[in-house]
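*Asks:* Given chain A, put chains B and C in place with the hints provided.
Residue numbers (full-length UniProt numbering), protein chains in the order written: chain A, 1 to 355; chain B, 1 to 249; chain C, 1 to 184.
Keep in mind the hints are simulated off the structure, nothing from the lab. Beta carbons: idealized from backbone N, C-alpha and C, even for Gly. Misleading hints may appear alongside valid ones.
Simulated crosslink set (DSS-like; lysine-lysine; CA at most 25 Å straight-line) [claimed, not checked]:
{"#": "1", "chain 1": "C", "residue 1": "K143", "chain 2": "A", "residue 2": "K41"}
{"#": "2", "chain 1": "C", "residue 1": "K157", "chain 2": "A", "residue 2": "K3"}
{"#": "3", "chain 1": "A", "residue 1": "K194", "chain 2": "B", "residue 2": "K192"}
{"#": "4", "chain 1": "A", "residue 1": "K41", "chain 2": "C", "residue 2": "K168"}
{"#": "5", "chain 1": "A", "residue 1": "K3", "chain 2": "C", "residue 2": "K172"}
{"#": "6", "chain 1": "C", "residue 1": "K159", "chain 2": "A", "residue 2": "K3"}
{"#": "7", "chain 1": "A", "residue 1": "K276", "chain 2": "A", "residue 2": "K232"}
{"#": "8", "chain 1": "A", "residue 1": "K3", "chain 2": "C", "residue 2": "K101"}
{"#": "9", "chain 1": "C", "residue 1": "K105", "chain 2": "A", "residue 2": "K3"}
These stretches of chain C come out as covered by chain A in the derived footprint (C-beta under 8 Å, 3 or more residues) [stated by the list, open to error]:
{"#": "10", "segment": "17-28"}
{"#": "11", "segment": "61-75"}
Below are the chains, spelled out letter by letter.
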Amino acid sequence: MAKVLMKGNEAMAEAAIQAGCRYYFGYPITPQNEVTEYMSKRMPEVGGVFLQAESEVSAINMVYGAGGAGARVMTSTSGPGLSLMQEGISYLAGAQIPCVIVNIMRGGPGLGNIQGAQSDYFQSVKGGGHGDYKLIVLAPSTIQEMADLVQEAFDIADDYRNPVVILGDGMLGQMMEPVDFDNVKKTRRNLPEKTWATTGRGNREHRNVINSLYIDPPVLEKHNYVLFEKYKRAEQNEVRYEMVNCDDAEVILVAYGTMARVAKNVMNIARREGYKVGLIRPISLWPFPKEPFKKTVDQVKGYLVVEMSMGQMVEDVQLATECKKPVHFYGRPAGMIPEPSVMLEKIKQIAGGAR
Amino acid sequence: MAVVFEKTKGLTDVPFSYCPGCTHGIIHRLVAEAMEELGVLDKAIGVASVGCSVFAYEFFNCDMQQAAHGRAPAVATGIKRVHPDKVVFTYQGDGDLAAIGTAEIVHAAARGEKITVIFVNNANYGMTGGQMAPTTLVGQRTTTTPYGRKPEVNGYPIRVSEMLSTLDGAAYIERVAVYDVKHIMQAKKAIKNAFLAQIQNKGFSLVEVLSTCPTNWGMTPVEALKWVKDHMEPYYPLGVYKNTLEEVK
Amino acid sequence: MEERIIFAGFGGQGVLTMGLIITYAGMLEGKNVSWTPSYGPEMRGGTANCNVTVSDDEVGSPVIIEATSVVVMNRPSLDKYESYVVPGGKLFVNTSLVDRKPQRKDIEVYEVPANEIASELGNLKVANMVMLGAFVEATKVVKMETVLKALPEVFGKGKEHMMAINEKALEKGAELIRNMVSTK
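In isolation and in its complexed conformation, chain A is listed as follows (with noise of 0.2 Å):
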């Protein structure tokens, strides 16, 4: 299969069936219904089960019942249905249950628009639901990312049993560009079998029991410490970043997905116009990536963060420097993107005048 050209929502969907997911639960939302009727179409054709749900609060808990029954299950919505997907999402973390979830952010709150946003970091990255718990959350920012991680994920949700959540924007979820499947890279992790999913009794020795209530204190507290293990693995496994003509810079951009492309056009005029600049791309937001910080906050002027939002990732920014040089933000709300010439001033601030 040569390169084809798709739009990032249709993209996502091929790549799920591709990695073996045969479960799709999900409800009807612009700019991701792509997905939806992607499924709607291949599923049948590959053996699988498409089902529109009621509500997306169905849709989660499809997933809830199919993760927890063993399958490879996967569902997508954006912003207003992630909302509502919350509680189920924080049941699936507490219980264990492997998912991937694709949230195409759109302008907020409330109804907001529909255009390409990235308020929703907050939401995915710091919780969302109740109780202590992680979702490990990919930021794409190509259609050929976008595939290569929705394969990923399947495998990261397996490999922790947990959510796993691909963080894109409308404008990913609607362009197209070409992606070439036969080059989707693989990581082939050695997954466990799973032994834990309630498949019927059958001659197993024991029940299997998908649950997330320890009335206990004391056992409910070793659950958490439980999680949070896993939460510990994959902070040490699951970092993934890019980082752009950084070795020499003394300004450093802070972007992911469709804003990282956006930053990188004005890290090369930037350059041009004889201004040091690199790119740090986060690609997994949680567990999110220190050590391009570490790497340097000792030889930067400073950094500029830019996201299509009045400012979410800016913090875990300030945190992962600890403050050791000054992080600033340039951000818009509601669908509109950030101004190259904005963000050229900046930069231009930042290191200190014209050159």
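*Replies:* Chains B and C alone, transformed into the frame defined by chain A:
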């Protein structure tokens, strides 16, 4: 010594967490016996809900999942779609099924989801301390209707069996009670029929069981059983509301 | 080489398809490409536009602010996007549906009566192909032969009967540009 009685294999040895005199215990036993007698225990996957029966996953001797409040039919849908050859059931109370989980139960029934729902109706929220449920009778006092349920404030009780039986996806729906031996026997037959509807791939099946809550009703167990007969049964008539089984046993 | 193009018009004029054909052809020629549509309520009957980048390098922002070319199929699109063209860039105007002249003097303007030519060909629906032919001839962003290869891929099965008239429309548009150049 000859064995004259044995506990069903469908239940674990974990002691029930239910109040004395509550009929959840009877209903658990009927569900467990039905699965054992139909020979489906080894392929049963149950879904516990939120309410007094939240610990049902401890009691039924088969694979179990515990679902969020009201979501059991959606969870069961996910399980059944992955394992269509297995027998999947939910065990839900009236708050769980008829209030917060109304969308999930209606759409599972409308899809003809091949699952069996055991719906325990005791006309109040038991676990949280006896608040008004969607099934609370007009005039009935609860901790959130201290002056009795008033239609002008709280509207009217929902008759779940009648409502769901209007849906084409429903294959077997019956309302039963467990206040005396005769009715307990009928309830078991109904539960078996509901499982059969699933096994025969007919569609969605549900048995609504009128149950007691002596603790929150402030009655003795015997008074509570009589209250079901005298007050609940007239509003919630017993009987088969939908039956598409090939042969009724 | 990096071409950043905005195609804009009414919903139903086939502007998304024009962009898609260029994107597909760019991919066939081994270029880096991206295609970003406007989407949502405005898709259904209102204005439609898409941003297309064809580049030798990695494609940065999929949203175009500084366009090397803008193609407008109606008046509202001219009003909205005339300012997006970089100095020295190209602006293609469907004069059949645009009743004013562009104001910019620092860009190359190509006036194409796309609807009239399509009408002469016997199918108003191919106005977008006429314009696309002119666009390809003037910009050379991709080869015309690659466009012809991309057509069946973009239109898919069931549209084979349209191939001949589409090709003719592309050629008419290209011819218009060739004549313009030769008379300059």
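*Asks:* So which of those numbered hints doesn't the model satisfy?
*Replies:* 1, 3, 4, 5, 7, 8 and 9
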